[in-house]
Each structure stands twice: as C-alpha cells, then as structure tokens.
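Participant: Our numbering numbers the first residue of the sequence shown as 77 and each following residue consecutively.
These are calculated hints, taken from the structure and not from any lab test. There could be a bad hint or two in this list.
As the list claims (entries may be wrong) - Pair by pair, the computed Cβ-Cβ distance ranges are:
{"id": "1", "residue 1": "Gln258", "residue 2": "Asn160", "range": "47 to 53 Å"}
{"id": "2", "residue 1": "Lys333", "residue 2": "Ile257", "range": "27 to 33 Å"}
{"id": "3", "residue 1": "Ala166", "residue 2": "Lys254", "range": "32 to 38 Å"}
{"id": "4", "residue 1": "Lys361", "residue 2": "Leu306", "range": "24 to 30 Å"}
{"id": "5", "residue 1": "Asn141", "residue 2": "Ser107", "range": "22 to 28 Å"}
{"id": "6", "residue 1": "Ile168", "residue 2": "Lys367", "range": "29 to 35 Å"}
{"id": "7", "residue 1": "Lys333", "residue 2": "Ala166", "range": "17 to 23 Å"}
{"id": "8", "residue 1": "Val313", "residue 2": "Ile102", "range": "30 to 36 Å"}
{"id": "9", "residue 1": "Asn389", "residue 2": "Gly171", "range": "28 to 34 Å"}
{"id": "10", "residue 1": "Ile168", "residue 2": "Asp216", "range": "40 to 46 Å"}
A virtual CB, placed ideally from N, CA and C, is assigned to each residue, including glycine.
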Amino acid sequence: MLIIASCDSPEKSFAIFNANENYPEIDLKLSDVADVEYIQLNPGKDSILITGFTNKAREIYIANNKIFLLDYNKKIVIYDRDGNPITKIADIGRGPREFIGLIDFLADSTKNEIYCFAGDGKKLLVYDFNGKYLRHFSSDKVIYFQNVCLIENSEFLGYRRVFRDGDTRPVLTILSSKFEIQSSIPFNYKRPYVFDPDGVLEYSSIINSNYGNFLFSLRSDTIYFINNKLKIIPRFVDKTPYTSDNIQIYPTIETNKYVFFATLFSHISDPNGKVRYYVYDKENKRFFILKQMSSQIKDKNFKNNFQLALIHNFLEINSLTLTLNSNIAATLIPPYFLLENRDSLPLGLKDICNNIKENDNPVLMLIKFRK
C-alpha cells in the first residue's frame with residue numbers, strides 16, 4: 077500500500093531549490109563519480125535506426141552481461157556486452173502473443189523477466205532474458221501511462237501525464253502482476269497545464285534510484301520519492317517562478333553523496349534555451365551548479381552538445397541519458413558525430429572511430445556511477 081506524506085508532515089526533510097538563486101559553481105567531473113565504457117553496437121539483422129530529435133528516456137537496461145535496448149522500430153534488441161546482437165523481442169502484430177508498438181518496458185533481474193507494455197494499452201507480455209515468450213495478460217480497458225516502475229509483490233506503478241485541463245483520469249495507478257488495476261492514488265497539481273505539441277519536453281516522470289524511485293511532474297513543484305516501503309515522501313521543492321525559461325529541475329542520478337539534476341527548458345518561452353545542471357550535496361545539504369561545456373557551444377543541437385560534453389568528462393546527465401538501471405546513464409552516439417569530432421575524442425573512443433563508417437550502428441556510451 078502506498079502512503080503519501082505531505083510537505084507539512086512532521087518528518088519534513090525536503091530541500092528547497094530556486095533556479096534564480098546564485099548557487100556556487102562546482103567543477104565536479106564525470107570521472108570523479110562514474111566509470112565510462114564505450115561499446116560499438118555491431119551490425120546485423122537487428123540494426124538500430126537512430127532518427128528524430130532525441131532518444132526517448134529510459135530505453136536501455138543492463139543485466140546478466142546483456143544490453144536490452146528498445147529501438148525506434150519498437151522492438152527490443154538484446155546485445156552481449158561486446159555489442160553483438162543476440163536476439164530480439166519483436167512479436168509485432170495483432171495476435172494474442174503480439175503487440176502493436178510498445179509504450180514502455182521493464183526488467184526484473186531477480187526473476188530474469190522482461191515486461192513489455194503494448195502500445196494499445198490493453199496487453200502486458202512477459203519474456204525471459206533470452207527473449208523467449210513466457211506469458212501475456214490482456215485487459216478490456218485501455219490502461220495507458222507514459223512511465224511505469226516495479227514495486228513490491230511484483231506489482232507496477234504507472235504514471236500518466238495530464239495533457240489538458242479538466243482531465244480527471246487517475247495519474248498514479250497500481251497494477252497487479254496480471255495487468256489488472258488495483259487502485260489509483262490522488263495526485264494534486266499546483267502548477268498550470270503546459271501545452272507541448274511538439275514533444276520537446278522529453279522527460280520521465282519516474283526516475284530510478286538505488287533506494288526507490290523519484291516521482292516528478294511538470295505540474296507539481298514537489299519532487300517526491302517512493303521508498304522501498306512504498307511511502308511517498310517529499311524530497312525537493314522547486315520554488316523557481318514558473319514563467320522562467322528553465323521550467324523546473326528534475327533528478328537524474330542519486331549516489332550516496334549526491335543527487336544530480338537537470339532543468340527542462342521551454343520551447344515556448346525560450347526556444348533557444350540552454351539546459352542547466354545542478355548537484356545536491358546530501359551531506360552538506362547544499363545545491364551547486366555544475367560547470368558545464370554545452371553552454372559554451374554555439375551549436376543549437378541539444379543532443380550533440382551534451383554528448384560532446386559527456387565525452388569530454390563533463391557531468392551533463394539529463395533525461396535522455398536515463399536507463400532502467402538506477403546507477404547507469406547511457407547515450408547512443410551516432411557515427412557521423414564521432415567522425416566529425418574525431419580529432420578531439422579520447423583514445424578509447426578514437427580507436428573505435430578508426431574503424432567506423434557513417435552508416436554503422438551507434439556507439440553506446442555506458443556511464444556507471446559509483447555509490
């Protein structure tokens with residue numbers, strides 16, 4: 077059972093943030109907190125297509141020396157740690173064991189199972205870590221959400237964004253392991269509806285942590301935390317005036333010492349906006365702004381900018397780098413971008429670049445944060 081603690085609770089321990097505050101800058105490097113690995117995803121019949129503005133958040137999972145990747149064709153490709161494709165989950169169709177696209181997928185490393193949520197919102201399909209079909213569950217009702225996480229007793233917590241004013245459907249829903257609605261949880265909004273027709277505000281409302289899950293909404297000034305006892309606790313409150321260019325901070329990675337944040341920028345009020353990166357020092361209970369590289373780049377391609385910054389050891393972790401692992405960030409770097417920046421690449425990546433062609437699969441940059 078989920079229990080929500082309000083900001084007025086006696087156990088109040090949340091931190092307050094305001095993007096307009098002049099927080100001190102900290103020159104914390106990626107290598108100070110994480111280890112980086114580059115993996116060339118080798119070509120094959122399961123080649124990945126990288127198109128569009130960005131990758132969707134949380135589409136990668138690492139476990140059992142395997143890489144599970146949801147690609148733009150809405151199939152899950154399974155690679156070994158050397159980047160060789162092993163198999164795929166691509167039962168596309170309208171049959172009982174098939175799906176028309178995927179909303180999201182989850183992985184349970186204790187059971188070695190992959191959960192695939194069908195795009196029509198009416199089916200949950202379960203596979204093992206070798207891509208073998210195990211079972212499926214269907215629903216007469218459309219159960220739709222943008223993000224989902226595993227909670228206790230093999231249940232799921234789904235988060236559905238509100239896209240228009242007056243929408244009274246549940247935001248938080250608990251689903252059984254058989255894809256049945258167990259209950260819904262009230263979630264109050266304090267901020268106005270944000271119209272985002274172009275989908276520029278790409279983010280995840282559920283962010284994994286070693287200790288539970290963060291719960292983030294653009295329409296709430298509070299970032300909640302769902303701990304392992306299923307209690308929803310306020311962790312951070314963003315007091316930034318809502319009309320500012322940087323709409324709100326959201327958490328990305330938590331370690332024993334730090335919580336890292338990025339800001340969403342509004343394409344409406346700030347079409348050329350720059351994302352800013354912050355870190356919260358848990359021991360000293362202070363926010364710092366991270367020294368960053370992308371703000372110095374004149375190129376307006378946001379994805380290219382933060383990828384180049386990560387390659388050059390800057391801590392620019394945002395929603396597009398989130399994975400289903402609580403301590404791993406990742407990004408898929410296209411070959412053309414590596415070839416364009418060949419001269420400035422670190423040695424390991426430069427070696428990969430020596431044998432890469434423009435139409436090859438991307439290079440996976442894995443960033444494993446130390447506790």
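Participant: Can you name, in rising order, the numbers of the hints this structure does not satisfy?
Facilitator: 1, 2, 3, 6, 7, 8, 9, 10
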